[in-house]
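Engineer: Sequence:
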Amino acid sequence: MASAAEAVEELTRLYRELPPRPAVEEVEAAEAVLASADAEEAARLDEVAREEASASASSSAAAPGRADGELLAVLQEARRNAVRLRALQQRKEAAYVVELERRFKVFDDLIQRASRVVSSSSDAAEAGGGTTGDGYVGVGADSVDLEMELRKKEAAVAAAAAVAEMERGSKGLAALGLESKPISSLRRDVSAGTDMEKLSLIQVASLIESSAKKGITELSLRGKLVDQIEWLPVSLGKLQDVTELDLSENRIMALPSTIGSLRYLTKLDLHSNQLINLPDAFGELSNLIDLDLHANQLKSLPSSFGNLTSLANLDLSSNMLKALPDCLGKLANLRRLIVETNELEELPYTIGSCTSLVELRLDFNQLKALPEAIGKLEKLEILTLHYNRIKGLPTTVGSLSRLRELDVSFNEVEVIPENICFATSLVKLNLSRNFADLRALPKSIGNLEMLEELDISSNQIRVLPDSFRCLSRLRVFHADETPLEFPPREVVKLGAQAVVKYMNDLNAARGTNQKKTDRGSFWTWLFSLFGCCKKNQEVGLPV
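As numbered in this note's numbering, residues 1 to 543 make up the sequence shown, in order.
It is worth saying that the hints were derived from the structure and are not from the lab.
Note that the structure is predicted; figures quoted are calculated from it, not measured.
Among the clues, some could well be false.
[Said to hold, decoys possible] Each computed DSSO-like pair below joins lysine-lysine, with the alpha-carbon atoms no more than 27 Å apart:
no., residue 1, residue 2
1, Lys376, Lys443
2, Lys391, Lys368
3, Lys92, Lys198
4, Lys443, Lys391
5, Lys238, Lys214
6, Lys214, Lys224
7, Lys428, Lys391
8, Lys267, Lys379
9, Lys322, Lys391
10, Lys198, Lys238
11, Lys198, Lys267
12, Lys238, Lys213
13, Lys379, Lys443
14, Lys224, Lys92
15, Lys213, Lys105
16, Lys299, Lys368
17, Lys299, Lys322
18, Lys267, Lys213
19, Lys322, Lys376
20, Lys267, Lys322
21, Lys376, Lys428
22, Lys92, Lys267
23, Lys428, Lys368
24, Lys493, Lys443
25, Lys105, Lys92
26, Lys267, Lys330
27, Lys330, Lys368
28, Lys214, Lys198
29, Lys224, Lys213
30, Lys322, Lys368
Please take these sequences and the hints and turn them into a complete structure.
Structural biologist: This is the structure we're talking about:
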C-alpha cells in the first residue's frame with residue numbers, strides 16, 4: 001500500500017504543476033473563435049477565387065504573355081496562402097485553450113480512476129483490521145503486524161483525502177495553496193472605461209460570453225481590439241440584451257451575420273473601422289435608432305437596409321459609396337442623414353419619402369443635381385451641398401418652408417431659382433465659389449426676411465437686386481473676390497447693414513429721380529403741346 005500512497009502523492013504533484021485551467025466562458029469563447037475562423041477563411045478564399053476569375057477573364061481579353069500569366073498565378077497562390085496564414089494565427093490561441101481543456105478532462109478521468117482504486121484499498125484495509133471481537137490481536141498477529149496495518153490505514157486515508165482535494169477542482173487547488181486563474185485577463189471589467197491593454201480575439205470572445213451571461217446592456221470596445229482582429233466571432237449574436245454597442249476605432253473588416261440577433265440594440269457605433277460591406281442580416285436590427293458608420297470602406301448598402309425603420313440618425317460619411325439604395329426611402333423616421341465625403345453621383349428619387357428628415361449633409365461628393373423629390377422634405381432645416389458638381393437647384397426647393405441653412409458653395413451653379421425666395425425660414429445661405437458660373441441673385445431675394453448670413457464670394461455677381469434692401473436682419477455678408485459694382489467695394493467693407501442701407505438709399509434716390517423725370521416729362525409734353533397749337537393758329541390749321 002506504500003506504493004499506492006506514493007502514486008497518489010505523484011498525482012498530486014503533477015496536478016499542482018499543471019497550467020491554469022481555462023474558465024468555462026473561455027472554452028466557449030475559444031470554440032466560437034474556431035467556428036468563426038473556419039467560416040471567415042472560407043469566405044476569404046471564395047473572395048480570392050472571385051477575384052481570380054475576374055482577373056483571368058480580363059487577362060484573357062488582353063492576351064497577356066506567358067510571363068505575365070505565371071506572375072498572376074503566383075500572386076493568386078500568395079493571396080490564398082496569406083488568407084490561410086491569417087486564419088492559422090487567429091486559431092492559434094483558441095486552439096490552445098480547447099486542447100488544454102481536453103487534456104484537463106483526460107486528467108479528470110485519471111483522477112476518478114485513482115479515487116476508485118484508493119477507495120477500494122481503504123475498504124479492504126478496514127475489513128482486514130487484524131483484531132477479534134474480544135479485543136485481542138488475531139491469531140498469529142504480533143506488534144509488528146499491527147503497526148504495518150495502522151500505517152496502511154493512514155496511507156489509504158491520506159491518499160483518499162488527496163484525491164478528494166483534486167476532484168474538487170478549484171476548491172482543491174485553493175486548499176493546496178494554489179489559486180485558479182483564467183488564461184486571459186478578461187476578469188477585468190472591460191466596459192468600465194479604465195485603461196487597459198488591447199484585447200486578443202479570444203479575449204473578445206470570452207468577454208462576449210461573460211457579458212451575455214450577465215445580461216449586460218451596454219458594451220464598449222472602442223479602440224480596444226488588437227490590430228490583427230479583422231472580424232468578430234459568431235458568438236456576438238449572444239449579446240441579445242445589449243442596447244448600446246460601441247465597436248468603433250478598430251480595424252474590423254467584416255461583421256458576423258449573427259449581429260442580426262441583437263434585436264434590442266438601439267445604438268451601434270462602428271465608425272473608424274475597415275468595413276467593406278454589411279451582412280444582409282443587418283436589416284434585422286429593427287429597433288436601431290442611432291447608427292454611426294463613418295470612416296469605413298463601404299461601397300454599397302444591403303437591400304435589407306430599408307428594414308431599419310426605427311433609424312433616426314445615420315452617419316455614412318467618409319466611405320466609398322457611389323449610390324444610395326432605393327430602399328432608403330423606407331426610413332420614414334430618419335431625422336439626420338450624413339453622407340459627406342463619398343462618391344455619390346446622384347440621390348435616389350425615394351429620398352422624398354424620408355419625410356422626417358431635418359438635416360441632410362451631402363458635402364464632398366460628385367452630385368450633379370438634386371431630384372425634384374427633395375421638395376417633399378417639408379421638415380428639412382439643414383441642407384449642405386458643399387463641394388459637388390451641381391449646376392442648378394430644383395424648383396421644388398421653394399417648398400422647403402422650414403429650411404434654415406442652405407450651402408451650395410464650391411459647385412458649378414449657374415442660376416438660383418427665383419422660387420427659392422419662398423423658403424422664407426432661411427437664416428444662412430452660402431452661394432460662394434461657384435466662380436464664373438453664378439452671375440446674379442434672385443430678384444426677390446428680399447423675401448428672405450429671416451436671412452442673417454449670406455456669402456456670395458468668388459462669383460461673377462456685379463449688381464445686387466433692389467429687393468436686397470429688405471434684408472433687415474442680415475448681419476453677415478461676404479462678397480470677397482466678387483466684382484460688385486452696386487454697391488461699391490467701399491460700402492461692402494462697412495458690413496451687412498451698411499450694404500442694406502446703401503441699397504435702401506439707392507432705391508429711394510432712384511424713386512425721387514424717377515418722380516422728377518416723370519414731372520419734367522409732363523411739363524415738356526405740355527409746353528410742346530401749347531407750342532404746337534400756336535403754330536397751327538398762325539397757319540390757319542385747326543387746333
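Engineer: Which of the numbered hints above does this structure break?
Structural biologist: Going through the list in order, the structure violates hint 22 alone and respects the others.
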